[in-house]
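> Sequence order for the protein chains is A and B.
Residues 1 to 435 in my numbering are what the first sequence lists, from first letter to last.
Residues 1001 to 1435 in my numbering are what the second sequence lists, from first letter to last.
These aren't lab readings, by the way, just hints derived from the structure by calculation.
All figures in this text were calculated on a predicted structure; none of them were measured in a lab.
Where hints are given, some of them may not hold.
For lysine-lysine, the following DSSO-like pairs were computed, each having C-alpha atoms within a straight-line distance of at most 27 Å [to be verified]:
#1 Lys1307/B / Lys387/A
#2 Lys363/A / Lys1307/B
#3 Lys1187/B / Lys1326/B
#4 Lys1114/B / Lys67/A
#5 Lys1379/B / Lys307/A
#6 Lys352/A / Lys1158/B
#7 Lys1015/B / Lys21/A
#8 Lys207/A / Lys190/A
#9 Lys1149/B / Lys21/A
#10 Lys258/A / Lys1352/B
#11 Lys197/A / Lys212/A
#12 Lys428/A / Lys1149/B
#13 Lys1258/B / Lys352/A
#14 Lys1428/B / Lys1401/B
#15 Lys1363/B / Lys262/A
2 protein chains.
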Amino acid sequence: MKLCPPSGFRDFEPKEMILRKRIIDIIENCFIRYGFDPIETPAIEHWEVFEGKYGEEAENKLIYRFKDPWSNKIFALRFDLTVPMARFFAQRAFPLPFKRYHIGRVWRHERPQKGRYREFWQADADIIGSSSPETDAELIDLTIHIFEKLGFKNFILKLNDRRLLKGIFEEELRIKEVLQIYRAIDKLDKIGLEGVKGELEKIISDKIIVRKILEIISWEKDTDDLLEYISSNFLKNENVRIAINHLTEMLDLLSGRKSFLKLSLNLVRGLDYYTGPVWEVIISDLPLWSVAGGGRYDNLIELYSGKTTPASGTSIGIERVIDAGKEIGLFTTSKQTYTQIYVAPLSMEFYKFAWDIANVLRKNGFCVQIDLMRRSEKKQREYVSKKNIPIIIFVGKKEVKNKILTIFFRDAQERAEIPSANLINYLKEHISHCG
Amino acid sequence: MKLCPPSGFRDFEPKEMILRKRIIDIIENCFIRYGFDPIETPAIEHWEVFEGKYGEEAENKLIYRFKDPWSNKIFALRFDLTVPMARFFAQRAFPLPFKRYHIGRVWRHERPQKGRYREFWQADADIIGSSSPETDAELIDLTIHIFEKLGFKNFILKLNDRRLLKGIFEEELRIKEVLQIYRAIDKLDKIGLEGVKGELEKIISDKIIVRKILEIISWEKDTDDLLEYISSNFLKNENVRIAINHLTEMLDLLSGRKSFLKLSLNLVRGLDYYTGPVWEVIISDLPLWSVAGGGRYDNLIELYSGKTTPASGTSIGIERVIDAGKEIGLFTTSKQTYTQIYVAPLSMEFYKFAWDIANVLRKNGFCVQIDLMRRSEKKQREYVSKKNIPIIIFVGKKEVKNKILTIFFRDAQERAEIPSANLINYLKEHISHCG
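Using the sequences and the accompanying hints, generate a full structural model.
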């Protein structure tokens, strides 16, 4: 009997889930504050929905695809939340801009390794219907806000515009077809500059061009200086001009976020659907892990609706964020239960009394367990200690007779006897609510 | 291009999700208050995990199963949350009782129809490690508490014990093998008494026995009277004796819930793994829809761990609850956005000022949108009205010059001019926070 989940798939125990829920709550709250509303789409889509949207590698090697045994149709597990949203949006008529968020799992047949899973959660916010630089700026501002709220201090949002790179390539290299080149550059973090060189040499025979590409994507300057340098050299190119204008307007709005932003020509993002600004968030101590990413994809929705529909979005990798936070000591899984109070009947004859106490506490918002195994006081204490539940309320002969409750605060090792009637007020003063 | 989700799968728009999230929040809060902690398992399991756990029909007709093209292993989408939890638990050593909740989607290849989907969400709470009646009573108390919190007034929790029915069958019919009979009885709501008769006749040749089975499951009395009647006639049977004792102890603890409880011999639950008490919740105006169900399954975990491990759980059907609540007018999807405030710059020259206002509001907990499409005041008002956002803050020449803001409350059709510096306090007094 195979007891494990399939390779690359994971279980989450309570202590892990309590952390995950805290992280997801923070992200969801940020989305809502920025005016995004939730949608949900199915885990499974018709294969045709995905076909031709992501690029060759994703579609041939990474998407879980299977034949539905009943209908003989080809289904696939969703690879991201962006393409299903595009399909979803194309079916409907919402007032524009349509601002949606979606937090959910996606599946990719990656090689399982540290920080990379086959089932993982993304938290996406997208804005449909606007091509303005304000839109991209808002998404970037939101992304930075989220990482601040999560407690990260040292992180960088790398920014580029696919049109900027395309224009420079046009001017410097006379190259028009950039998609394959972008896919090679996208592997930089995984395979390094030498690796990218190898990939480029597979598709470009002229070694001088390969060397020039590597040179361009290695330009390193302060964001303003790099923009200035590109402006003064390539502004006659239309793609460069459009990108520079767009980026400049974005950066003006993001002036308060300057310390987090870095223009990086080596950032292209791997998926075919991006058309304009693209970004990725890197935690400074972990330079090879991108924890979030996004960009503009003005042509994707049209593939479903036939109608030009600009769109842009940002996506947080839940696992990446959690793994990164643990790695730098920001997050721990020290909390293993939400339970605040354990009610301990000292004999079955007091059980109904204890049961009623537990239920009154629950109705008043406390998170409560009661003995369910008819155990001795000692065994009950052992359980409470293993679960690290902060408070025990004992219900025995004395308590029932005198209508009092004995409350034991485990951390302080303090004991109090409280009249039953005062219990709720007493506890409200002594602990905060959960949930 | 197929634009729809596969048959039986659904998209959820924001107004639907806002309702769903409210419902799920209420349920999750109840779980936590009753001392349950969250776990998560993968969407996909090795087929062997499911094999032989649910019964023939479920396994052959209802489970989404596919061959992983890379490993050639057979995978399956989870059919419920109980069996994956059993597999999860068997791999680990937790202090007992282990109380977990899990809210997530499951997949079943049902015939799509009203209230029945191929992808749907379950909210499960289970208690592992205890065979006590208190355990089942707590799960039932929790279930009733949830339906009260959701706002349902008229509902019934039908209760039975598989051992009770088994004992009566042993005494009345000399039948030992009950699993096939239970599967037939379980179809009562779907196919009616005549249908069940037909199903029983397929497996039992003796028509007198079939008639007697139908008679027994039709016994209708007040819960106490029915227990009394069965006690006085069948107490010599061991299964009956065990079940009566267990049910009686449960009902003593649940004395405050009497009006919601009904002992129903025709309730068996369809899945093979149940061994003791079983229950289902029915909304009184919708007698054929069970909205929740559960029961004891003392032998399931042993199939994975080899160790006897009593367990019991309750499961809420999210779609069933929502569809039922809509049907009786308890739930509506009237809220289409969480956004409370729309910031309207009256020209691009005031955009940065408006942007900063929007971000200050967000930092203070308000849910805010700002124009992203460079629209006229009129067009912005139209958008706000379509989205039904309650408050607009205008930022124009007058406002920027005098450092004030014009706030418009749409419901009251009232306008106020507030100094920028007082904005947050003013709004905190006038609206409550979201999120």
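> Is it true that the CA of Lys1187/B sits at most 27 Å from the CA of Lys1326/B?
holds (25 Å)
> With a cut-off of 27 Å on the C-alpha distance, tell me whether Lys1363/B and Lys262/A pass.
holds (24 Å)
> Measure nothing beyond the straight line between the CA atoms of Lys207/A and Lys190/A; if it is 27 Å or shorter, mark the hint as holding.
holds (22 Å)
> Do the alpha carbons of Lys1258/B and Lys352/A lie within 27 Å of each other, as the hint requires?
holds (15 Å)
> Can the restraint linking Lys1015/B and Lys21/A be considered satisfied, given a maximum Cα separation of 27 Å?
holds (23 Å)
> Check the hint pairing Lys352/A with Lys1158/B against an upper bound of 27 Å on the C-alpha distance.
At roughly 23 Å apart (the allowed maximum being 27 Å), Lys1158/B and Lys352/A satisfy the hint.
> For a C-alpha distance cap of 27 Å, please report whether Lys428/A and Lys1149/B respect it.
Between Lys428/A and Lys1149/B the Cα gap is close to 21 Å, so the pair holds against 27 Å.
> Between Lys1149/B and Lys21/A, does the CA-CA distance stay at or below 27 Å?
Holds, at about 22 Å.
> Does Lys1307/B lie within 27 Å of Lys363/A when you go C-alpha to C-alpha?
Given that 27 Å is the threshold and the Cα spacing comes to 36 Å, the pair is violated.
> Quick one, are Lys1307/B and Lys387/A close enough, alpha carbons at most 27 Å?
holds (22 Å)
> Run the distance test for Lys1114/B versus Lys67/A: straight-line Cα separation, threshold 27 Å.
holds (26 Å)
> Assess, step by step, whether the Cα of Lys258/A is no farther than 27 Å from the Cα of Lys1352/B, and give holds or violated.
holds (15 Å)
Hint 2 from the list above is the single one not met by this structure.
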